[in-house]
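Q: Protein chains in written order, with the numbering used here: chain A, 1076 to 1213; chain B, 16 to 216; chain C, 111 to 230; chain D, 253 to 371.
It is worth saying that the hints were derived from the structure and are not from the lab.
No false leads were mixed into what you were given.
Here are the simulated lysine-lysine pairs, BS3-like style, with alpha carbons at most 30 Å apart:
hint, chain 1, residue 1, chain 2, residue 2
1, D, LYS353, D, LYS286
2, A, LYS1087, C, LYS177
3, A, LYS1164, A, LYS1176
4, A, LYS1136, A, LYS1087
5, A, LYS1145, D, LYS353
6, A, LYS1087, A, LYS1145
If the Cβ cut is set under 7 Å, some of the chain C residues that face chain A in the computed set are:
hint, residue
7, PHE187
8, THR191
9, HIS194
10, ALA195
Computed spacing ranges between beta-carbons, pair by pair:
hint, chain 1, residue 1, chain 2, residue 2, range
11, B, ALA35, C, ILE132, 21 to 29 Å
12, C, TRP120, B, ALA115, 43 to 51 Å
13, C, GLY193, A, ASN1133, 24 to 32 Å
The beta carbon of each residue, even a glycine, is placed where N, CA and C say it ideally should be.
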Amino acid sequence: MRHHRVLRIISKLLIPFIMLFALYVQFHGDFGPGGGFQAGVIMASAFILYGLIFGLENARKVAPPAVVTKLVAAGVLIYAGTGYMGLFKGANFLDYGALSKDPVAGQHLGIMIIEFGVGTTVAAAMITIFFLFAGRDR
Amino acid sequence: MIITLIDIALLTFMGATALAILRLRSLFAVVMLSGIYSLLAASMFVALDAVDVAFTEAAVGAGISTVLMIAVLALTGERERAPSHTMWLPMAVVVLTGAALIYATFDMPAFGAANAPVNLHVAPRYLNESFAEVGLPNVVTSVLASYRGYDTLGEVTVIFTAAVAVMLLIGGRKGDDAGIKNEPADDAVDDADSDGNGDTA
Amino acid sequence: MAVILDILSWFLLIGGSAFVIIGAFGMWRLPDFYSRLHPAGLTDTMGAGLILLGLLLQSEAFMVGIKLLMIAVFLMFTSPTSGHATARAALAAGLRPWQAPEEAKKLADENDGGNKDGAA
Amino acid sequence: MLQVILDHYNYWIAILLMMIGLYTVVARGNLVKKLVGLNIFQTSVFLLYITMGKVAGGTAPILDDRFTVYSNPIPHVLILTAIVVGVATTALGLALVVRIKESYGTIEEDELNLLDGEM
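Based on the sequences and whatever the hints tell you, model everything.
A: Here you go:
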C-alpha cells in the first residue's frame, strides 16, 4: 500500500474539514444555503472517502454498521418526536411555535431539531447504502 | 444579457453530455459523464437562483451517486452490449411525446416572468411574512421545515424506507436468500443453540 | 484605487479564463491520457487559482474573501492529489504512455537488441 | 422571433433532456444504462421546476435588506427534497440490478427475457 501514501495523507488532512463543513452546513442552514439534506450527504461523503482510501474494514470500525443502521431510524424518530412534542404542548402536530414561550424562538428551536433529524437519517442512510454496495462480494 | 448567455451555454453543454451518455457503450464513461451532467445541472441551478438545490445536486449527483454507480459496475461489468434490434418504435414514441410537450410550452409563461401563475399564489406570502413568523432569513429552510413540515417528514421516511429496502435486498450474503443480517446467518443460529447446551468447541 | 483594483481583477480573471481555454485545447489536441493530465492540471491550478484571485479582489465583504481563500487552499491540496491518483490508477490498470512513432520504433529496436544479448 | 426563442429556450432544452432520458430508458437494454437514463430524466424535471420559479432580476430567496426581488422558493423546496429521495431510490434500483446480476448472470434485458422464457 506504499503507493497510496499521498492519498492517505491528503485524505487524513481533509476528512476533518469535510466533517466540519458538514456541521457548518447543518447548523448555518437557517441563515445561508444549507440544511439537513445537504449536511447529511456531505457527512456521508466524508465516511465514504475514508472507506475508499483506508478500506472497508477500517471504515466499518469507525462507523459500526450496527450503530449506523440504528441512526437511520433515529433521525426519523427525532423528526416525528418533535412533531409529537407540539401535540403534547397542546398545539398541532409539527407546530413548533408551542415548543417555547416565544413562538418565533420555538419555531427556530423546532427547525434546528428536525433539521438535525433529517441530517442524521440522510447521512446514516447514505453510509449504510455505501457499505452494502462496497461490501458485496463478487 | 450575460446571464442569458451563461444560461444558454450551460444548457447546451447539458444537452451534449446527455447525448454522449446515450451514445457511449462503455458504462464507466457513462457514469463519469453522468457525474459531469449533475455538476452542470448544479451550475445551472445557481444561475437560476436555487442555491440550496445546487448545493444538494452537486453533493449528491457528482459525489454519492457516482460512487454508488461505480461500486455497482464493479459487480456487474463495464460493457454494454450493442442493441440487437432496430429502435424505430421507441424513437417514434419519444419524438411524438417531445413534439407534444414542445407544443405545450407555447402556452407557458415566458422564462423569468414575475407575473407567472406559479409566482403569484403562496410564494409572496412566504417571502413577505416568513421572517416575522419563523424568524429565519433563508426562506427555503423555513418553508421546508416549518410550513411544509409534513412533506419533509414524508420525504425523510422515503429515504428511511429506501435504506431499509436496500438492506433487505443486498444486506445478506451472496446466494443466501433468507438471510437479511450481515453476519453469516446459519452459523449464528448454530452458535445460539450450542450456547444453550454448553460449548461444543 | 477602486479602478486599479478593478483593472487588476479583470486582468486576473481574463488570464484565468485564458488558462482554462488553453487547458481545454490541450485536452482536445494531446495524443494520450498521460499527456492530457497536464492541461487538466493547468485548468485546476492556474485557471481556477487566477480566477479565484480575481474574485478575491472583487469581493466587498470580509467573509466572502475568507471563503474564497479557503476554496483556493482546498483546491491547492485536492487538485494535485486527484491528478496523482488518476495517473496512478491508469498505470495500475496497465495503460502505457504514448510515444511518437519514430521514438517508439527506435526504442523497440533498442529493446530487440537488448533481448538478443540477454537470456530471453 | 428571437424573443420567443429566449422565452422558451430553457423549457425546450429541459424537454430535449427529458426525451433523451426517456429514450435511454426505453431503447437501451442494459439495466445500469437505464438507471442513468432515468437520472437524466429526473434532473431534467428538476430543471423544469426550477426554471418555472426563476424571476427575472431576482436573487436567491435568502432575505436581506439589500434586495427586494426574490425567486420563488417553493420549487426549490420541492426539488431539494426530491434530489435526495432520488438518490435513495436510485440506490434501491441499483440494489435490484445487483440481485438480478447474481441470480441471472446478466443485466441485458433481452438476455433476461430469453432466460425467463426458458424457465
